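Asks: Single-letter residue listing:
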Amino acid sequence: DGGITQSPKYLFRKEGQNVTLSCEQNLNHDAMYWYRQDPGQGLRLIYYSQIVNDFQKGDIAEGYSVSREKKESFPLTVTSAQKNPTAFYLCASETIGTGYTGELFFGEGSRLTVL
Amino acid sequence: GESVGLHLPTLSVQEGDNSIINCAYSNSASDYFIWYKQESGKGPQFIIDIRSNMDKRQGQRVTVLLNKTVKHLSLQIAATQPGDSAVYFCAENMPGTDKLIFGTGTRLQVFP
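Chains as they are written, first to last, in the numbering used here: chain A, 54 to 168; chain B, 9 to 120.
No lab work stands behind these hints, which were simulated from the structure alone.
Be a bit skeptical, because a hint or two may be false.
Stated by the list, open to error - Listed next, with one range per pair, are the computed distances between beta-carbon atoms: (1) Gly67/B / Lys62/A: 23 to 31 Å; (2) Glu156/A / Asn35/B: 13 to 21 Å; (3) Phe119/B / Arg97/A: 30 to 38 Å; (4) Gln68/B / Gln70/A: 25 to 33 Å; (5) Pro90/B / Ser133/A: 41 to 49 Å; (6) Phe54/B / Asp112/A: 16 to 24 Å.
What the hints assert, rightly or not - These stretches of chain A come out as covered by chain B in the derived footprint (C-beta under 8 Å, 3 or more residues): (7) 126-132; (8) 156-168.
Given the structure is predicted, the values throughout are model-derived calculations rather than measurements.
Built from N, CA and C at the ideal position, the CB exists for glycine as well.
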């Protein structure tokens, strides 16, 4: 079955440590996104990528980094520079160009807690 | 499970009743809108979408209404079931961008 897989589902980190969240999709989607979700707030865009080896900052990119070495993969690193990293992180993907519908497909999320 | 939206507006409905969830969007130029459903501890799932050249679109048990005059979007769920309990988000697409802007969400609680 096609879909988006995020791992780990739960992750604990000590302050000052970097951590990388994995996102893999087998939908052959061109674009991939990372969102952050906090209680009482909508999804906020961290980074997105529309093509391999290229990505753009979203609204809250500070303290995060990404890479897009393969079409299927878009890992997110939460660095020690992120002041408030405890949150629920969602990865999404969509097709663009021919077949574009505007619908994002989401993974199941990764819950990061900083101790 | 994951707790998203501890301070979200909440709509409580009795099983079998109809539910109406409202959303005010921000940009009058937005041309595409989506409703997502998010169950606790899971990622959002697509429910229904509508383009700005339409006022209404119906799906299975769900209807989306778009009022561009007042920048308002609503999701109607007919015969609400316990499985409909979730947080519902609206999202708008900014023309000329490939980004969706999400609302803060509404929690729907269905009681027997």
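Asks: For every hint, state whether the structure bears it out.
Replies: Now the hints, each set against the structure:
1. For the pair Gly67/B and Lys62/A, the supplied restraint of 23 to 31 Å holds, since their beta-carbon distance comes to about 30 Å.
2. Separated by about 19 Å at the C-beta atoms, Glu156/A and Asn35/B satisfy the suggested range of 13 to 21 Å.
3. Roughly 31 Å separates the CB atoms of Phe119/B and Arg97/A, a value that falls within the hinted 30 to 38 Å.
4. The hint said 25 to 33 Å for the Cβ distance between Gln68/B and Gln70/A, and at roughly 46 Å that hint is violated.
5. Distance hint check: the CB atoms of Pro90/B and Ser133/A are about 43 Å apart, consistent with the given range 41 to 49 Å.
6. Roughly 22 Å separates the CB atoms of Phe54/B and Asp112/A, a value that falls within the hinted 16 to 24 Å.
7. With 0 residues bearing a CB less than 8 Å from a CB of chain B, the segment 126-132 of chain A misses the requirement of three and the coverage assertion fails.
8. Counting residues of the segment 156-168 of chain A whose beta-carbon sits less than 8 Å from any beta-carbon of chain B gives 8, enough to reach three: the coverage restraint holds.
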